[in-house]
Structure formats: C-alpha cells, structure tokens
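**Student:** With the hints as constraints, model all of the structure from the sequences given.
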Amino acid sequence: MLAPVAGDISLEVIEGPDAGKQIVVDHAIVIGRAPESDLVLDDGEVSGKHVRVTPAPDGSATVEDLESTNGTFVNQNELEGPARLDPGDQLLVGISVLELRTRQDIASRASAVIQIPPAMAMAPREPTYVNPAVASANLAPAPPPASASGDVAHPTVDKYLDVKVRRRAQLAPLALFTLVAIALILYFSLK
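Note that the working numbering has the sequence shown beginning at 1, numbered continuously upward.
For the record, the hints were derived by calculation from the structure and aren't laboratory data.
Heads up, a few of these hints could be off.
As the list claims (entries may be wrong) - Computed beta-carbon distance windows for the label pairs: (1) T62 x I182: 49 to 57 Å; (2) R167 x T69: 16 to 24 Å; (3) R84 x P118: 31 to 39 Å.
All values reported here derive from a predicted model rather than from experimental measurement.
Heads up, the beta-carbon is just placed ideally off N, CA and C, and yes, glycines get one too.
**Tutor:** Structure representation (structure tokens):
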C-alpha cells in the first residue's frame, strides 16, 4: 500500500449553511467564523476560531476544539481533547456537518452534500415566534456578565448556567449542610 501524500484528504461541508464548501487538508487548518480562519463558515453557532484540523501521515487527521462556545463533535461524540478523524468521519461544528474525504472518495462521488428530498423541502420563511421588529433589528450580542462572586467555575459547565442557576449552585452546599444539621438535631433530640 502506498503512503498517503499531502493533499490526499479534504473536508467538505455536507450539511449546513455552507453545504458544498471544500478545503484540502494539507496543513493545519482552522475552521471558524472569523475572516482569518482557513475555512470560514457562515454559521451563527460557530465560534470565531472554533476547531483545528491537522493532517497525519497515515491519511487521517487530528482534530482539536479551540475552546469554542458550543463544542465540537466527532461522529456525535463531544471532544474533550485532541481526537483522530478518519476518512468518512463526520465533524459537527455549530449546525454545520463536515466530512473528511479522500481523493478516491471525491473521484467516485464529487460531493457528499446531504440533499433534502424534494417532498420535504420548503421555502425559507420569517419566524412567527419572534417580534418582527426584533427579528429585523441588527443587534450585537451582549457581552457575557462578569462573575459577581469571583468564584472560579469550570468553563465547560459555566457557559450553560445563567445567573439564577449560578446563585443556586453556590448556595447548594450551604443548604445541604443546613439540612444535615437539622436532621442531626432532630435525631439526637428524639433519642
């Protein structure tokens, strides 16, 4: 078997706003929304610099999340560190699905884009669940609130918590201690 040559693998967006975009993976590439990314995706759920894909000599690639907000998934498993990406594997970033393809895959089938069956296709429409004035306003995203307590939280979990949940999480140990203390007082007083 011949050793793979640089440029033998590529990534193709097979589902999402940029379906059909392809990039050859012959060096470490960064995927994200930022204009300086190697593969720029028009996907609101993708971070500026979301993920890095680096080719390996054996024809696979190594993928690593760049501390993105919404995480990165390989074959529906969330990345917790660098992972191997083999030809045919799917990479989910935001709502975009990318597939690692070999030169032979591309020669046999030019595009792996997942087509919507005509019976299920529908024309884009304005959302009915949002006030039209709000939907049409070009609002900049609000900066994340600063931590008032100064507590160090785990970054993987912290991004999912709102202010009320964070406060409840901070009070949970105190509530548990109080409950145990009351149970002990009742136990010894009734004995």
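**Student:** For every hint, state whether the structure bears it out.
**Tutor:** To see whether the hints hold, each was checked on the structure:
Taking the beta carbon of each, T62 and I182 are about 53 Å apart, inside 49 to 57 Å as hinted. In this structure the hint that R167 and T69 lie 16 to 24 Å apart at CB holds, the actual value being about 22 Å. The hint said 31 to 39 Å for the Cβ distance between R84 and P118, and at roughly 37 Å that hint holds.
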